[in-house]
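Colleague: Let chain A serve as the given structure and place chain B on it in line with the hints.
Those sequence lines, one after another, are chains A and B. With numbering that gives the first Met the number 0 applied, the first sequence covers 0 to 223. With numbering that gives the first Met the number 0 applied, the second sequence covers 0 to 222.
Rather than coming from a laboratory, the hints here were simulated on the basis of the structure. Hints may contain errors.
Said to hold, decoys possible - Derived Cβ-Cβ restraints for the label pairs, each shown as a range:
hint : chain 1 : residue 1 : chain 2 : residue 2 : range
1    : B       : Arg41     : A       : Ala165    : 54 to 60 Å
2    : A       : Arg9      : B       : Gln132    : 42 to 48 Å
3    : A       : Ser110    : B       : Gln58     : 34 to 40 Å
4    : A       : Phe172    : B       : Pro61     : 20 to 26 Å
5    : B       : Val145    : A       : Ala23     : 41 to 47 Å
6    : A       : Gly102    : B       : Arg147    : 14 to 20 Å
7    : A       : Gly169    : B       : Trp199    : 37 to 43 Å
C-beta: ideal position from N, C-alpha, C; glycine also.
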Amino acid sequence: MSESRTDYRRIARDGLWDNNVVFAQLLALCPLLAVTNTATNGLGLGLATLAVLLAANLAVSLLRDIITPQVRIAVFVLLIAAIVTLVDMMMNAWLHDLHKVLGLFIPLIVSNCAILGRAESFASRQPIPAAVADGLFMGLGFIIALVALGGAREILGQGTLFADAAMLLGESFRFMELTLIPDYRGFLLMALPPGGFLMMGFLLAGKRLLDRRAAQLATQEAGA
Amino acid sequence: MAYGHGVKNPSYRQRVAYHAMLLGGIAALASSLLVMGDNATRDTIALRQAETLRASLEQVIPPELHDNDLLADTLLLDPKKKGVRPLTVYRGRREEEITAVAFEVVGNGYAGPITSLLAVDAKGQILGVRVLQHTETPGLGDKIEVQRDPWILGFDGLSLDNTPRKQWAVKKDGGQFDQFTGATITPRAVVESVQSGLEWFAQHRATLLTPPPSPPVQETDHE
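The following block holds chain B by itself, in its conformation from the complex:
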């Protein structure tokens, strides 16, 4: 028995209505499969993403600095400007006093944006930086990931006060950070984004360090 097209082809199958029904039926089948899949996975995916974010946050905000749930205690800063995304700031707190804040900074890498999580303590000193997302060249630019290279740990303890502006650059540009063999643009982008993150913190320090009215609620006042 052959299964080629046109062999088993009764006449009703030539009608447009059959084609429409078939296509509609398959589309309905595909959609219902997707809905079922989404229902089955949505909660797990949200949980995993929260776990990943929490793990990154716990890496940059040491446990002795906070006794609150970092994921629950956020501040949403909406600049109400076109093209500027609202920024979520995670705050570490010990006995109602804000001891650390963490937020994302973005630099222009070799192959696209490099998103890092930057954590600073109340005095503006860096607690840690971790790259969350990047598309740099594997084997060259990906040394910014902490599991591949300790380079990113070089930021720990630095602040705008203890490191002069001139030093916030890779060695090739006269600064104090190593570049990688064959990749200068990537570390340069990370250094620049961290420095601008520190400057942003210095400007908004008062807002960021004021404890919200207790009990801590998640502020979501963006439209």
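Looking at chain A on its own, in the form it has when it is part of the complex:
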């Protein structure tokens, strides 16, 4: 990390795919498995987590020169807890309907180790623009993972996709609500926590396959 210019393309690629919070680092699985029984729930928690990640990375990067290694963990936890509480209060006041849907999960973000992880391994050593970019792309990567897992479980479990998106995002997003399998009887396992673990396994295996395929193509091209 000694280059003078920050490699934003690298940061984006890391956050979205190569070093994805969920699919590569296998962090933040508790909130992930708890809320992703529908794509809409996943999107909601993802957006809230993105806001916290951005603010936490910004705060840690701002204070990186005065924080000493001995007390850094305590400082990071304090900052993250304060930010999450602020986000919780602000959502409750100004996005009250969304808060009614997600309220239960917001305090859980404090325990999302991915946020502490980014503060420790990235934001505390990088200038502010890079730290904010890292927060943005790690957050987006987390949203992708949440929506992918939630969507897959929702389609198999209930036959719908983005059900109740209008309750989360407002009436103008009702077009997102799809019924993919009409008269579906439901597949209870996928809606319950064990279904989350199973689907998570399938998605992880899928990512490995794609990565291996890409690596093979790359070596073939190099050999040719």
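Modeller: Showing chain B alone in chain A's frame:
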């Protein structure tokens, strides 16, 4: 320039006092941010919560039955027993006569308590039931929410008089209420909580329907 730990580390930063000051400073910063946030949002949050409660109340107590402010006209029943929470009863009034009461009932659902708002008229007939809070399985148990399924409207108009005790159960248990595919415990819990709410109303009918000395004041006599 590298920003790693231990690189930019003057000697005074190794002292315990610096660590204590740093931690204390950050804690003070975080606390003051929280105080500011709380000040900025507290009133709005209270307003939104009151709006939500009022909306639920207006749904179960029809406007033609009352001309008072439902949120302001409450009765707090404190059972003065350990482990029993005081219950707030909202009363709908028309020309000083109490026409409807609404209160919360709680049932044991599949994944935790299900809190519903139950409104009955003076004769003990159900005006409406709305689930306020639950943690049931999305897609299965959440059909008790009125915005997802009309099931909860099936209680409207029922009373202990026009529906025999045996009928207060889901069809699987020999009663008259539908259960959901894959979820029986959830509707069973709601039915049970509504029935016990009606029985509670029947027992306390006299207290609940006696108008408090006017002008109506909020009674808060719990310690």
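Colleague: A separate judgement is required for each hint: does it hold in the structure or not?
Modeller: Going down the list of hints, with the structure as the test:
Range check, Arg41 of chain B to Ala165 of chain A: Cβ separation about 29 Å, and the 54 to 60 Å hint is violated. About 45 Å separates the C-beta atoms of Arg9 of chain A and Gln132 of chain B, a value consistent with the hinted range of 42 to 48 Å. Roughly 36 Å separates the CB atoms of Ser110 of chain A and Gln58 of chain B, a value that falls within the hinted 34 to 40 Å. For the pair Phe172 of chain A and Pro61 of chain B, the beta carbons lie near 32 Å from each other, so the given range of 20 to 26 Å is not met.
For Val145 of chain B paired with Ala23 of chain A, a C-beta distance near 42 Å keeps the hint of 41 to 47 Å intact. The hint said 14 to 20 Å for the Cβ distance between Gly102 of chain A and Arg147 of chain B, and at roughly 18 Å that hint holds. Taking the beta carbon of each, Gly169 of chain A and Trp199 of chain B are about 39 Å apart, inside 37 to 43 Å as hinted.
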